[in-house]
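Number of protein chains: 2
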Amino acid sequence: MMKANNKNISPLLTLIGAGPGDPDLITVKGVKALSKAKVVLYDALVHLDLLNYVPETSIKILVGKRAGSLSYTQDEINKLIVKYAKKYGRVVRLKGGDPFIFGRGKEEIDYATKFGIKNEVIPGLTSSTSLPALQGISLTTRGVNESFWVVTGTTQSGLLSSDISLAARSTATVVVLMGRNKLLEIISIYKSLGRENLPIALIQNGSLPNEKIALGTMKTIEEEVCRKGVGTPAIIVIGEVVNQHPDYLFKTIEQKLLQDYSKN
Amino acid sequence: MMKANNKNISPLLTLIGAGPGDPDLITVKGVKALSKAKVVLYDALVHLDLLNYVPETSIKILVGKRAGSLSYTQDEINKLIVKYAKKYGRVVRLKGGDPFIFGRGKEEIDYATKFGIKNEVIPGLTSSTSLPALQGISLTTRGVNESFWVVTGTTQSGLLSSDISLAARSTATVVVLMGRNKLLEIISIYKSLGRENLPIALIQNGSLPNEKIALGTMKTIEEEVCRKGVGTPAIIVIGEVVNQHPDYLFKTIEQKLLQDYSKN
Numbered sequence: 002m003m004k005a006n007n008k009n010i011s012p013l014l015t016l017i018g019a020g021p022g023d024p025d026l027i028t029v030k031g032v033k034a035l036s037k038a039k040v041v042l043y044d045a046l047v048h049l050d051l052l053n054y055v056p057e058t059s060i061k062i063l064v065g066k067r068a069g070s071l072s073y074t075q076d077e078i079n080k081l082i083v084k085y086a087k088k089y090g091r092v093v094r095l096k097g098g099d100p101f102i103f104g105r106g107k108e109e110i111d112y113a114t115k116f117g118i119k120n121e122v123i124p125g126l127t128s129s130t131s132l133p134a135l136q137g138i139s140l141t142t143r144g145v146n147e148s149f150w151v152v153t154g155t156t157q158s159g160l161l162s163s164d165i166s167l168a169a170r171s172t173a174t175v176v177v178l179m180g181r182n183k184l185l186e187i188i189s190i191y192k193s194l195g196r197e198n199l200p201i202a203l204i205q206n207g208s209l210p211n212e213k214i215a216l217g218t219m220k221t222i223e224e225e226v227c228r229k230g231v232g233t234p235a236i237i238v239i240g241e242v243v244n245q246h247p248d249y250l251f252k253t254i255e256q257k258l259l260q261d262y263s264k265n
Numbered sequence: 002m003m004k005a006n007n008k009n010i011s012p013l014l015t016l017i018g019a020g021p022g023d024p025d026l027i028t029v030k031g032v033k034a035l036s037k038a039k040v041v042l043y044d045a046l047v048h049l050d051l052l053n054y055v056p057e058t059s060i061k062i063l064v065g066k067r068a069g070s071l072s073y074t075q076d077e078i079n080k081l082i083v084k085y086a087k088k089y090g091r092v093v094r095l096k097g098g099d100p101f102i103f104g105r106g107k108e109e110i111d112y113a114t115k116f117g118i119k120n121e122v123i124p125g126l127t128s129s130t131s132l133p134a135l136q137g138i139s140l141t142t143r144g145v146n147e148s149f150w151v152v153t154g155t156t157q158s159g160l161l162s163s164d165i166s167l168a169a170r171s172t173a174t175v176v177v178l179m180g181r182n183k184l185l186e187i188i189s190i191y192k193s194l195g196r197e198n199l200p201i202a203l204i205q206n207g208s209l210p211n212e213k214i215a216l217g218t219m220k221t222i223e224e225e226v227c228r229k230g231v232g233t234p235a236i237i238v239i240g241e242v243v244n245q246h247p248d249y250l251f252k253t254i255e256q257k258l259l260q261d262y263s264k265n
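Line order of the protein sequences matches chains A and B.
Going by my numbering, the final residue of the first sequence carries number 265, and the count climbs one at a time with no gaps.
Going by my numbering, the final residue of the second sequence carries number 265, and the count climbs one at a time with no gaps.
Repeated chains share a single entry, so a pair holds when one copy, or any two copies, can fit it.
Within a straight-line C-alpha distance of at most 25 angstroms, the following computed SDA-like cross-link-like pairs (lysine to any residue) qualify:
1. Lys39 to Asp25
2. Lys39 to Asp50
3. Lys33 to His48
4. Lys220 to Gln256
5. Lys80 to Pro12
6. Lys33 to Pro56
7. Lys61 to Pro24
Honestly, the hints are just simulated from the structure, not real lab data.
Put together the whole structure using the sequences plus the hints.
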């Protein structure tokens, strides 16, 4: 009986990008796949409302790190995917943002493929493009710039990516993910290139009710980030387009006045 | 009576990114906004199935260019937005991909704002990140690269963006949008830097049933694009990560054999 049942199972790994935070920023395709999942392995940054799309009888496991709680290693997650796909069929890996943008989704697919498990990818909104947009900042703007560059602040070795020094020399809007703890280092790179008046923004918990944003220039952003209490996870947006934010002009005038005041 | 009615109208412009093609790749938030729209102004690259979410009584106008038919200028679109928002309230601008990634969405918002019309942005999946993902190509991969760079192939002046020469010197995965007609120019930039073995892919009509893909290196891609008949609109993906495509290895061996054969 058990054997006959197993024969009918078609193991499938579906990687879904949940988007930047707001549960309504998942795709329709993502919702449809969630509603057919037998098992969902979800990351800590995924909004819990998304689990409402999953059948009640399905298995839901938090595999990501949440403050204080233990998490699964990447190797353990890989093994869970294979185990559950073989046992139950449709396994969904639900990841924040997009699974292929600094998401390690490829590693999970490669592992599962070794065990003959088919896969599909349902892309999600990456925070790098969607969070600036939600704040009224267009990463590309005709007549201002012709490209944008997305860099990780934290590489495999834990260091700041050396690509950031190159990016700082280009005209591209630069978005740094996972770079909050490297902010001072990033600022000093831009300052050393004489770009201390370049606009910069930090966005924490983007698209969620507890969203925080700090706006300024390379000169003023450090103080502004402290004042607003912007922590992790946050994205950093660097470039002239940041001045499109509705509060930017007001903010920079306020910061100028504060600096002048503190000098006197 | 008419006056009282107009008083109740709250003009609102909602910019929605429809995603790369497949109508299921729009966000849930986008669907909800479409279902409340009084007027939808949509681009030619938007899938017509998305109009099924719009109430039957609402106005739907194609404002983008479709082969052979006349299109509205950007100025005419701006004026339509203001006119309809004042008359009917909720106006949706439905654009392919993401409205803030080479989408000119910002210009429409700026124009409407001048007339006191509020706005909101609902980001969409940009083809630059989502189409490679759907083909199994992860734009960033641990141990391979630490960034990706998205550049337009066609600037305001009609020329290839000079950012591409810079990007070609970086380790970033480079994605060129609207660059199909500049392919030879792009190849020659990479070849001049000695990167003739770098993997490259072109994807046309990504995420749709008529999707086409060409895979190769800087040396072989031109012939492969011809053989596959890859036209516009297409995106170009350049970088080592392109070899993650399931067909890549097979393709490059086949191309090598063909080249050797034609030499003999």
